[in-house]
Amino acid sequence: MNLKICHLYPDLLDLYGDRGNILTLASRCRWRGIEPDIQQASLGEDLDFMSMDILFIGGGSDREQGLLVQDLMRREDELRKAIENGLVVLAICGGYQMLGKYYQMANGERIDGLGILDVWTIAGTKRLIGNVVVELNPTILEVDSQRLKTLVGFENHSGKTHLGEEVSPLGKVVFGNGNNGEDSGEGVRYLNVFGTYLHGPLLPKNPHLADLLLELALKRRGIDTLLLNLDDRLEELAHKVMVKRLLKQA
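As numbered in the working numbering, residues 143 to 392 make up the sequence shown, in order.
Simulated from the structure, these hints should not be mistaken for lab results. Any given hint could be a false lead.
Stated by the list, open to error - Below, computed lysine-lysine pairings styled on DSS-like, alpha-carbon distance capped at 25 Å:
| hint | residue 1 | residue 2 |
| --- | --- | --- |
| 1 | K268 | K302 |
| 2 | K243 | K314 |
| 3 | K382 | K291 |
| 4 | K291 | K314 |
| 5 | K382 | K314 |
| 6 | K291 | K361 |
| 7 | K361 | K386 |
| 8 | K146 | K268 |
| 9 | K386 | K291 |
| 10 | K382 | K361 |
| 11 | K361 | K223 |
| 12 | K146 | K361 |
| 13 | K314 | K302 |
| 14 | K243 | K302 |
| 15 | K291 | K390 |
| 16 | K243 | K361 |
| 17 | K314 | K268 |
| 18 | K314 | K223 |
What the hints assert, rightly or not - What follows is a set of in silico ranges between Cβ atoms, one per label pair, in the way DEER data are often shown:
| hint | residue 1 | residue 2 | range |
| --- | --- | --- | --- |
| 19 | Q246 | E218 | 17 to 23 Å |
| 20 | E324 | G186 | 36 to 42 Å |
| 21 | D219 | K386 | 44 to 50 Å |
| 22 | N144 | R375 | 26 to 32 Å |
Even glycine gets a Cβ: it sits at the ideal position worked out from N, Cα and C.
Please model the entire structure based on the sequences and the hints provided.
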């Protein structure tokens with residue numbers, strides 16, 4: 143069995159170790175006897191979104207985001223169809239913003255997004271930066287009693303993202319800023335699309351989220367089975383230590 147994982151624009155969107163998310167997905171596949179088929183694609187390259195199992199889009203600067211949105215606009219219909227068909231997507235920071243309706247820069251200029259997610263982003267006057275702890279929404283992330291119920295990561299963004307009625311946040315910020323530093327929400331989920339501002343990279347610090355992405359990808363393939371449990375004691379201990387340390391500061 144294999145899973146096709148696409149890293150989109152790895153040469154342009156790779157802030158704060160975002161590539162570690164691909165490494166984590168690949169490792170957690172191999173440890174279970176699943177062969178990861180890693181594809182890298184950049185500007186102008188042919189893509190078949192429907193054939194992918196997981197699509198990853200990392201974070202980048204405003205300039206890069208403007209260039210990449212133009213490239214993605216050519217494939218917006220194909221990407222939208224794949225997402226409606228259950229394609230699993232993890233989008234970080236700039237990648238998250240590009241899937242929304244628009245990004246309004248500080249000078250008032252708008253960069254149109256793909257409009258796949260009912261979110262929009264407006265540049266703020268200060269950067270939202272630092273470590274983050276998010277209390278997961280169990281109804282969205284299907285968290286069971288055996289899984290961690292928080293996300294940890296690092297944020298560094300000036301854009302403030304707001305969610306519309308068609309989507310829900312990944313969870314509630316208990317330390318840090320999240321989507322906009324105002325409504326206590328962080329990230330978004332729509333179907334099997336997960337958007338977030340958490341770098342660090344995200345998945346090594348949150349193996350339960352990595353496994354959720356893998357489970358959803360397998361389910362889309364028609365393989366409705368639980369993943370083999372891995373020995374995540376060290377990862378979970380590191381996660382809990384970070385949560386405890388940050389909440390103590392709060």
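Verification of the hints:
1. The hinted pair formed by K268 and K302 meets the criterion: a straight-line CA distance of about 10 Å does not exceed 25 Å.
2. Using a Cα cut-off of 25 Å, the hinted pair K243 and K314 holds, with the two alpha carbons roughly 22 Å apart.
3. The suggested pairing of K382 with K291 holds, with an alpha-carbon distance near 10 Å, which does not exceed 25 Å.
4. Restraint check: the Cα-Cα separation between K291 and K314 comes to about 11 Å, which is no more than 25 Å; the hinted pair holds.
5. A hinted pair counts as satisfied when its Cα atoms are at most 25 Å apart, and K382 with K314 qualifies at roughly 17 Å.
6. Restraint check for K291 and K361: satisfied, since their Cα atoms lie roughly 22 Å apart, inside the 25 Å limit.
7. For the proposed pair K361 and K386, the alpha carbon gap of about 34 Å is over 25 Å, so the pair is violated.
8. The straight-line distance between the Cα atoms of K146 and K268 is roughly 39 Å, outside the 25 Å bound, and the hint therefore fails.
9. Taken as a hint, the K386 and K291 pair is honoured in the structure, with Cα atoms around 13 Å apart against an allowance of 25 Å.
10. Distance restraint check for K382 and K361: the Cα-Cα separation of roughly 29 Å exceeds the 25 Å cut-off, and the hinted pair is therefore not satisfied.
11. Proposed proximity of K361 and K223 is supported: the alpha carbons are some 17 Å apart, at most 25 Å.
12. For the hint pairing K146 with K361, the CA-to-CA distance comes to about 14 Å; that is within 25 Å, so the pair holds.
13. The straight-line distance between the Cα atoms of K314 and K302 is roughly 16 Å, inside the 25 Å bound, and the hint therefore holds.
14. For the given pair, K243 sits about 13 Å from K302 by alpha-carbon distance, which is consistent with the 25 Å threshold.
15. A distance of roughly 18 Å separates the Cα atoms of K291 and K390; the hinted pair therefore holds under the 25 Å criterion.
16. In summary, the hint linking K243 to K361 is not supported, as the alpha carbons are separated by about 29 Å, beyond the 25 Å threshold.
17. Distance check on the hinted pair: K314 and K268 sit about 21 Å apart at the alpha-carbon level, within 25 Å; holds.
18. Note on K314 and K223: the hinted pairing is violated, with a Cα-Cα distance of about 30 Å set against a maximum of 25 Å.
19. Between Q246 and E218 the C-beta distance comes to about 20 Å, which sits within the given range of 17 to 23 Å.
20. At about 38 Å, the beta-carbon gap between E324 and G186 stays in the expected band of 36 to 42 Å.
21. The hinted window of 44 to 50 Å between D219 and K386 holds, with their beta carbons roughly 46 Å apart.
22. Distance hint check for N144 and R375: the Cβ-Cβ separation is about 28 Å, which falls inside the suggested range of 26 to 32 Å.
Hint violations for this structure: numbers 7, 8, 10, 16 and 18, all remaining hints satisfied.
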